[in-house]
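Chemist: Each chain is listed here by its residues.
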Amino acid sequence: MQTSTIQWIPQGETRVPLAVYRDDQVYADEQRNIYRGDTWNYLCLESEIPESGDYRTTFVGETPVVVARDADGEIYAFENRCTHRGALICLEKSGKDAKDFQCVYHAWTYSLKGDLKGVAFEGGVNGAGGMPEGFCKDHHHPTKLRVAIFCGLVFGSFSDDVDPLEEYLGDEICARIERVLGRPVEVIGRFTQALPNNWKLYYENVKDTYHASLLHLFFTTFRLNRLSQEGGVIVSETGAHHVSYSKVDEDGFDGYKDQGLRSDQSGYQLKDPSLLQGFKEFDDGITLQILSVFPGFVLQQIQNCLAIRQVLPRGIDKTDLNWTYIGYVSDTPAQREVRLKQANLIGAAGFVSMEDGAVGGFVQRGIAGTRAEQAVLEMGGDSTVSSSSRATEAAVRGFWKQYRVLMGV
Amino acid sequence: MEKLSLRDQLLDFNASYTRCIDSDNLESWPGFFADVCHYRVTSAENDRTGLAAGLMYATSRAMLEDRVSALRHANVYERQTYRHMVGLPHVVRSDANEAECETPFLVVRIVQGDETFLYATGLYKDVFDLNGEKLQLKRRVVVCDSSRFDTLLAVPL
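If you're matching them up, the sequences are chains A and B in order. Those letters in the first sequence? Residues 1 to 409, per the numbering used here, in order. Those letters in the second sequence? Residues 1001 to 1157, per the numbering used here, in order.
Hints listed in this document are in silico derivations from the structure and should not be mistaken for laboratory results. Relax, there's no trap hidden among the hints.
So these bits of chain B aren't anywhere near chain A, every CB distance computed over 12 Å: (1) Ala1015; (2) Asp1022; (3) Met1085; (4) Leu1088; (5) Pro1104; (6) Phe1105; (7) Leu1106; (8) Leu1130; (9) Gly1132; (10) Gln1136.
Which residues of chain B face chain A? A partial, calculated answer using Cβ under 10 Å: (11) Thr1049; (12) Tyr1057; (13) Ala1058; (14) Leu1064; (15) His1073; (16) Ala1074; (17) Tyr1077.
Every value quoted in this text rests on a predicted model; they were computed, and no experiment measured them. Where is the CB? At the ideal position from N, CA and C, for every residue including glycine.
My request is simple: use the sequences and hints to build the entire structure.
Modeler: The structure is reproduced here in structure tokens:
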């Protein structure tokens, strides 16, 4: 339950108190009610741990988590925290051929399923010391997560009550994930981007179809995402997840010029256009699809540039954005080169997305000292439903709809 | 004039390269590279594990010119400057045509005249073309030590 004094409008999603981005109590409540609540959190790609004994460490919210493939071939996830004194069980980001995990502090040993298997000197030394007779290792496993896999994406949940993953996602979101991840993928690079803002500011930005063509000149100039292009936004029933998509076409839209907006700078041309010369790989003609799964997963297709982004809170005004750049196992060398070139569009140095990394910080700095002030979310009305227009904040309002339910505010 | 040793040419090159970026003379930056070249900014982890993607990834001097052009005309970011400190170049191998070198660097960043902030450290992994009048980069992989990058990498390293 919310114990801070932040005032929300009685219902609806058209106003958001700016204090929710800078309040310690809200942050603590989010860890419990969202990340450890009835949600599915992205952990890793199944293809990152293909063999028994492979593992990765990651986070659900702030909680450190181990994800491992056991000898039985299944994937398990559990808190990366020794039940003895709380030290990390596994220190590495990833590894192979693990038979078990052993805490370095006092050598307590855990199986790849997360079961406590061994306590050093449990029976004492030379008949002295040791654990009391009633100590039962089975009562001291680290908290285990439910694990579910969809299209090679491994998700975990601390909740026993959350819907099964595919129901949680819904048919429309599942179909849009399958569209991109229905083929075997491999990782082609990983980067962590340190965002100077609250996690929600980045996640809203992902769902904000209104800003893209206004903030990002690179898109508009090269006609990758004019709002007039055929496309739309899908918001899941709960509001939690979204997909925005568009197709490049050659329409005669000049609304930018008419309104004198900064983002129309005609005449900007690439000297090496191979940067944007892609190849058609999706039959539906969609050249841009951004998909989010509450509370911290993003799947991106920008032309042939495919990536997964994991949004992790690191404090009220710090967020880690973990980028996993992917290609298909079936890529030809030429196709792979296209993906590597188009990766110039994304990330901390992205022609398209460098502004997204900074704009959350502009808000974080701008809201210093706010108490009752509210953000205004009325573009496209007050609904949280899908639409063929992207001049709407429906998906952002959808985020707040789900957020208010989980947070009980 | 006496021909400079390779070591002295490398010192000169890196001094000019970093001075160019740090003095915001970005338009001259692509000139340090050959027409066909490879420039990439990545992490030590990607480099070690053979993952090919970069935060910046260019295969021609024209692509570097496009990056400068985008920075000047398209992208929106706060006014900022770098100060590069480069260490001594280590020549891994060289022959009459090219030299492979590694040079450590450290970069601090100053945004809007505010705090001097430790921005990046790493290693330039270079291949120089030795055939021209002056050195040119056929390849510069900027291998940053950390996998965690500041939210914004606008100006090249």
